[in-house]
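Visitor: Generate coordinates for the entire structure from the input sequences, incorporating the hints supplied.
As you go down the protein sequences, you meet chains A and B in turn. Residue 904 in the working numbering is what sits at position 166 of the first sequence, and the numbering runs on without skipping anything. Residue 219 in the working numbering is what sits at position 186 of the second sequence, and the numbering runs on without skipping anything.
Honestly, I wouldn't trust all of these hints.
Below, a list of computed lysine to any residue pairs in the SDA-like style, where the Cα atoms sit at most 25 Å apart [as the list claims (entries may be wrong)]:
| no. | chain 1 | residue 1 | chain 2 | residue 2 |
| --- | --- | --- | --- | --- |
| 1 | B | Lys223 | A | Ser780 |
| 2 | A | Lys828 | B | Asn235 |
| 3 | A | Lys750 | B | Leu230 |
| 4 | A | Lys848 | B | Ile225 |
| 5 | B | Lys223 | A | Ile846 |
| 6 | B | Lys173 | B | Thr139 |
| 7 | B | Lys223 | A | Leu830 |
| 8 | A | Lys828 | B | Glu224 |
| 9 | A | Lys828 | B | Arg237 |
| 10 | A | Lys921 | B | Leu230 |
| 11 | A | Lys921 | A | Phe768 |
| 12 | B | Lys173 | B | Ala73 |
| 13 | A | Lys815 | B | Arg311 |
| 14 | A | Lys815 | B | Val240 |
| 15 | A | Lys848 | B | Gly226 |
| 16 | B | Lys106 | B | Ile55 |
| 17 | A | Lys815 | B | Glu224 |
| 18 | A | Lys848 | B | Arg237 |
| 19 | A | Lys802 | B | Asn235 |
| 20 | A | Lys828 | B | Gly226 |
| 21 | B | Lys223 | A | Phe768 |
| 22 | A | Lys833 | B | Glu224 |
Just a few of them, taken from the derived set where beta-carbon distance is under 8 Å, the chain A residues facing chain B [said to hold, decoys possible]:
| no. | residue |
| --- | --- |
| 23 | Ser809 |
| 24 | Leu810 |
| 25 | Pro814 |
| 26 | Val845 |
| 27 | Ile846 |
Distance windows between CB atoms, simulated [as the list claims (entries may be wrong)]:
| no. | chain 1 | residue 1 | chain 2 | residue 2 | range |
| --- | --- | --- | --- | --- | --- |
| 28 | B | Val248 | A | Asp940 | 55 to 61 Å |
| 29 | A | Tyr873 | B | Met34 | 24 to 30 Å |
| 30 | B | Met216 | A | Glu789 | 23 to 29 Å |
| 31 | A | Gln831 | B | Leu288 | 48 to 54 Å |
| 32 | A | Thr754 | B | Arg311 | 28 to 34 Å |
| 33 | B | Met216 | A | Ser809 | 19 to 25 Å |
| 34 | A | Asp914 | B | Met34 | 42 to 48 Å |
| 35 | A | Ser809 | B | Leu288 | 40 to 46 Å |
| 36 | B | Ile198 | A | Thr754 | 52 to 58 Å |
| 37 | B | Gly194 | A | Ser809 | 44 to 50 Å |
| 38 | A | Asp908 | B | Lys223 | 21 to 27 Å |
| 39 | A | Asn872 | B | Thr307 | 39 to 45 Å |
| 40 | A | Gln958 | B | Lys223 | 35 to 41 Å |
Since the hints were derived computationally from the structure, they do not count as laboratory data. Each residue gets a CB set at the ideal place from its N, CA and C atoms; glycine is no exception.
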Amino acid sequence: MISLQNVTKTYKNGVTALEAVSIEIEKGEFVFVVGPSGSGKSTTLRLLLREEEPSTGEVFVAGKNVVRLSSLGGIPKLRRNIGCVFQDFKLLQDKTVFENVSFALEVIGKPKHVIDTRVPEILDYVGLGEKLNNYPDELSGGEQQRVSIARACVNRPLVLLADEPTGNLDPNTSVDIMRLLDKVNKIGTTVVMATHDQAIVDAMRKRVIELDKGKVVRDQSRGVYS
Amino acid sequence: MAFAAMSTAFIALFLFGLALIIAREINLVIEAVTGNVQVAVYLSDPVKTDTVTRIQSELQQLPAVASVEYENKDEACARAKQLFESNPAITENVPCDVYPASFRVTLADTAQYAQITAALSCEPDPTTHDITCTEPGVLKVLDFRDILDRLSAITRVLRNGVLFIAVIMLVSATVLVANTLRMGMFARRKEIGIMRLVGATNWRIRVPFLIEGLVEALVGAALAIITLFLVKVFVVDQLRGRIVWLPLIRNGDVLAITPWILIAAAGVAIVAGTIGIRRFLDV
Numbered sequence: 739m740i741s742l743q744n745v746t747k748t749y750k751n752g753v754t755a756l757e758a759v760s761i762e763i764e765k766g767e768f769v770f771v772v773g774p775s776g777s778g779k780s781t782t783l784r785l786l787l788r789e790e791e792p793s794t795g796e797v798f799v800a801g802k803n804v805v806r807l808s809s810l811g812g813i814p815k816l817r818r819n820i821g822c823v824f825q826d827f828k829l830l831q832d833k834t835v836f837e838n839v840s841f842a843l844e845v846i847g848k849p850k851h852v853i854d855t856r857v858p859e860i861l862d863y864v865g866l867g868e869k870l871n872n873y874p875d876e877l878s879g880g881e882q883q884r885v886s887i888a889r890a891c892v893n894r895p896l897v898l899l900a901d902e903p904t905g906n907l908d909p910n911t912s913v914d915i916m917r918l919l920d921k922v923n924k925i926g927t928t929v930v931m932a933t934h935d936q937a938i939v940d941a942m943r944k945r946v947i948e949l950d951k952g953k954v955v956r957d958q959s960r961g962v963y964s
Numbered sequence: 034m035a036f037a038a039m040s041t042a043f044i045a046l047f048l049f050g051l052a053l054i055i056a057r058e059i060n061l062v063i064e065a066v067t068g069n070v071q072v073a074v075y076l077s078d079p080v081k082t083d084t085v086t087r088i089q090s091e092l093q094q095l096p097a098v099a100s101v102e103y104e105n106k107d108e109a110c111a112r113a114k115q116l117f118e119s120n121p122a123i124t125e126n127v128p129c130d131v132y133p134a135s136f137r138v139t140l141a142d143t144a145q146y147a148q149i150t151a152a153l154s155c156e157p158d159p160t161t162h163d164i165t166c167t168e169p170g171v172l173k174v175l176d177f178r179d180i181l182d183r184l185s186a187i188t189r190v191l192r193n194g195v196l197f198i199a200v201i202m203l204v205s206a207t208v209l210v211a212n213t214l215r216m217g218m219f220a221r222r223k224e225i226g227i228m229r230l231v232g233a234t235n236w237r238i239r240v241p242f243l244i245e246g247l248v249e250a251l252v253g254a255a256l257a258i259i260t261l262f263l264v265k266v267f268v269v270d271q272l273r274g275r276i277v278w279l280p281l282i283r284n285g286d287v288l289a290i291t292p293w294i295l296i297a298a299a300g301v302a303i304v305a306g307t308i309g310i311r312r313f314l315d316v
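Guide: Printed below as a string of structure tokens:
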């Protein structure tokens, strides 16, 4: 599903974020990417989204070489197959829960009847079936992250990328969010999650890829944080 | 900001239209004064058919002459009536009979004007500066080259001056519209970021902003067109009839330049759209 082959990424300012990294992730896997700040976790996720291009090496997502995609059609199409969740939720404050999720379908041109069935369905799935018409600032952090997960999953992506999704949440809420991500993974979505949260990684017992200074220093199935 | 963009677009397009209208007005004056010919050979009454054919062939044989057109008395009268349409005092009181028949000559080489006067054995009258001719049937020859040259020099200066200001204003309008688009995109950068993440195409993201730019430019164009009509009604129409010899632009002239104003507005919108959203182009 995801393949990084000997990828090096050097930014324009000379910083080398990744150095000769090779990672293979199969369909349906749940993978933690761990490591200290500046180790290359975010760069890895940005490469998968084709927000950055590798300096050398190849990146494949869902069988496509992302470097070769055109910005006119190829890259948007790639991103429709990838859901994204962030530490800061990235919700639009002036839109309701329903509108935040439906926005993701509207802007890729989905017809109204698809939106009207899928959005309540996914919000029900993440446990927010009762809060369709609330605004983000009326929700708790955990609930806002659920909205963000609903938005990431509403178009049924093959891959879900999560960048520190529990970074702003208290431990109990974090556990709830992890249960939800696990649930999304169980229905076949490949989940890649960058995190600092040791307790969560240790509790989940999933594959762990550890990065340090841009290199893969550990790749362990059913691993712990360190 | 949108208001600034719109009002600059309005002023720019208004000046642009004004330049075009001035050019049309001056063309009308030239037409009125010279009938758009460089040299006119007037025939004395009564006009005889054989005189007409003889002088026509004589003129056509001259190497300096590009074309010769004969205008009989009726045609001369009709043209005068059309020219002074807005001055019934002239058209009603001057009988058709006074308008002389003429040959309207366009020169291939304006410097060789003397060929015509020589062929018709004409000489300038030292007191009136009219050119009178001894050739039978020829009343006099009028040389419009000098007037034409001066008029077109004035036209050029006036029109170019206004056009120059209009171009500067059009550039400012473009920059302001571009800036408005950019600020709009900046205000909605979070929304745009999410659109990109979920896989909206570039065009899907840009089109609303391009439409906004187009609307601003077109509102400016509409205001400019309305103002030009107001100028026509409240300035030009007030002059009508006061200066007898002066032909003035009509509604049709204003109408004729509106497509150019709309084209200029579309140009402003396209250029502003291209530079305004460039920074947000990269996916």
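Visitor: Which hints, by number, does the structure contradict?
Guide: Hint check: 16 and 21 fail, others pass.
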